[in-house]
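K.L.:
Chains as they are written, first to last, in the numbering used here: chain A, 1468 to 1668; chain B, 841 to 1089.
In short, the hints are calculated from the structure, not lab data. All residues carry an ideal CB built from backbone N, CA and C; glycine is no exception. Any given hint could be a false lead.
As the list claims (entries may be wrong) - Sample of chain B residues lacking proximity to chain A, with all beta carbon distances greater than 10 Å (derived):
#1 E872
#2 S914
#3 G960
#4 E1028
#5 V1040
#6 L1047
#7 L1048
#8 G1051
#9 R1068
#10 V1080
#11 R1081
To be verified - To give an idea of the chain B side of the interface with chain A (calculated C-beta under 7 Å), a few residues:
#12 V882
#13 R884
#14 A905
#15 V934
#16 E937
#17 Y941
#18 D944
#19 V945
#20 V958
#21 R1009
#22 Y1012
#23 D1014
#24 S1060
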Amino acid sequence: MAGTRGFTGRGRSADPRLPPGQHDTGSGWPVLTAEVTPSVDLSRWTMTVDGLVGRLASWTWDELRALPTTTWSGDIHCVTTWSKLGTSFRGVSVDVLLEAAGPGPGAAFVLATSTTGYTTNLPLADLTGGRAWVVWEHEGRPLPVEHGGPVRLLVPHLYFWKSAKWVTRLTVLDRDEPGFWERNGYHDRGDPWLEQRYQGD
Amino acid sequence: MTGTSASAGPAGPAGSGSLTAPTSWATGVVREVRHHAGGAVVLRLAVDGMGPRLPGQHVVVRLRADDGYTASRSYSVASDPADPLVELYVERLVDGEVSGYLGDVVEVGDELEVRGPVGGWFVWDGVRPALAVGGGSGVVPLVSMLRHAGSTGHPDRVCLVAAARTLERLPYADELVGGCQVVALSQERSPAGREPGRLVAADLEPLLRTGQQVFVCGSSAFAEHASRLVVDLGVPAADVRVERFGPSG
Ligand SMILES: Cc1cc2nc3c(=O)[nH]c(=O)nc-3n(C[C@H](O)[C@H](O)[C@H](O)COP(=O)(O)OP(=O)(O)OC[C@H]3O[C@@H](n4cnc5c(N)ncnc54)[C@H](O)[C@@H]3O)c2cc1C
């Protein structure tokens, strides 16, 4: 396709960590949320895995933090075209949570739900094998509420709307059920390296 | 997103919940260019084959350099869905890659790659009474709602509260008069006599109605501040939809 008249663009980043169409936001971390930031009461907070599972599994805030933790370091990519490179989070692998619940036969998708009612859908395969976490620390500090604290999902190999803020529930399903942004035109999987931004990409 | 670093939003589908997915890229031909104070620009585009729009939606604009490098950004649509042209109001940011190009280089007759309309959450259904609160360029999608209310014969269905530093920096200031429009300027007295100062609860309180849908749009910092004011005034969080523009926060 022909170029846009007179557009040269800012310096190309040769950084191989940047997926197509993304730019480096540096030390910034934009906040993009579709609603009022909630206040979460940790004394009544629970994390639950339900749906197509052998047994419903649930953790209080203290129980969650007693699970074996992992620190993940790497890059995150927002569909609005910024990427944040070389950042880190700490929490528990989703593998640990799913293992406790035991996904049943036919389990293939997960719908993540937040305290606010926000939902996002993911193939089960994207949440397993050490590629997804439930996290409460960012770069050594408690995860700020505007970034999904106390606890958010972290699925860094997909666009960041999949990493549901304020997550409290993972529901295992045998079929794909579009979440909030997915019903509103965004892609069901959201692989930044394939630029799966919108439905049809 | 509607954008979205891991955006959150309530589960309820927007309106009917039936959203046209943004399809492929289309060509937008620039039909009008109007420059404003501070480098802001209004662009009016004829986009071939764009489907029906809803007030509050945005489009994605993609610029392409000769070597294939591209940069895309989201811009809210200011025009009424009944307007055949897609109108954008772009605030020019210092060093802004895309806003700089749109503000400085674009001329009538240029072609831009456009995709959309995008978004099914931050949209007004045209019926439910709405309080729209915008800061700076966050006023843009709300102006589409206001224009839609006017063109459908129900101007009183949308009350728009617009905040900016100065009147000159306020997008569409000339349309934000009369009705239940409020202009809150932080650095100067507003035309209606409001003293300078940031947006406060007293600016919003007289416009609250039960059953109202609230739309808040602007920078992250503005959206956080304004949505907090609205919720503290007793509006259920579930009735508040927020759109945060880009990293300026
Ligand atoms: C849903 C949605 C709707 C929107 N609607 C509108 C609208 O109606 N009108 C409007 O004006 N905007 C709107 N925006 C914002 C818009 O999409 C862009 O973010 C904005 O125009 C800035 O893009 P840019 O390319 O000019 O700036 P960018 O080049 O992305 O830069 C943004 C700022 O960050 C700084 N910056 C960026 N990258 C770097 C870097 N590598 N190093 C140092 N500094 C850097 C720049 O100096 C600049 O100040 C909307 C955003 C969203 C998500």
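K.L.:
Each hint needs a verdict: does it hold in this structure or not?
P.N.:
Checked hints:
1. E872: holds (17 Å)
2. S914: With a cut-off of 10 Å, S914 (chain B) comes too close to chain A, as the shortest Cβ separation is near 6 Å.
3. G960: violated (4 Å)
4. E1028: Holds, since 29 Å exceeds 10 Å.
5. V1040: At roughly 18 Å from the nearest Cβ of chain A, V1040 (chain B) sits farther out than 10 Å, so the non-interface label holds.
6. L1047: holds (18 Å)
7. L1048: holds (15 Å)
8. G1051: Holds, since 18 Å exceeds 10 Å.
9. R1068: For R1068 (chain B), whose nearest Cβ neighbour in chain A is about 7 Å away, the distance does not exceed 10 Å, so it is violated.
10. V1080: The claim is violated: V1080 (chain B) sits with its nearest Cβ about 5 Å from chain A, within 10 Å.
11. R1081: It is violated; R1081 (chain B) is separated from chain A by about 6 Å at its closest Cβ, not greater than 10 Å.
12. V882: With a closest approach of 19 Å, the V882 (chain B) hint is violated.
13. R884: Not OK, violated: R884 (chain B) not within 7 Å of chain A, min 17 Å.
14. A905: holds (4 Å)
15. V934: Violated, about 13 Å.
16. E937: At about 5 Å, which falls below the 7 Å cut-off, the nearest Cβ of chain A leaves the hint on E937 (chain B) intact, so it holds.
17. Y941: With Cβ-Cβ at 5 Å, under 7 Å, it holds.
18. D944: violated (9 Å)
19. V945: holds (5 Å)
20. V958: This interface hint holds because 6 Å falls under the 7 Å limit.
21. R1009: Violated: closest Cβ of chain A sits about 22 Å from R1009 (chain B), beyond 7 Å.
22. Y1012: Result: violated, 23 Å to nearest chain A Cβ.
23. D1014: violated (30 Å)
24. S1060: Holds: closest Cβ of chain A sits about 4 Å from S1060 (chain B), inside 7 Å.
Checked against the numbered hints given earlier, the structure breaks hints 2, 3, 9, 10, 11, 12, 13, 15, 18, 21, 22 and 23 and satisfies all the rest.
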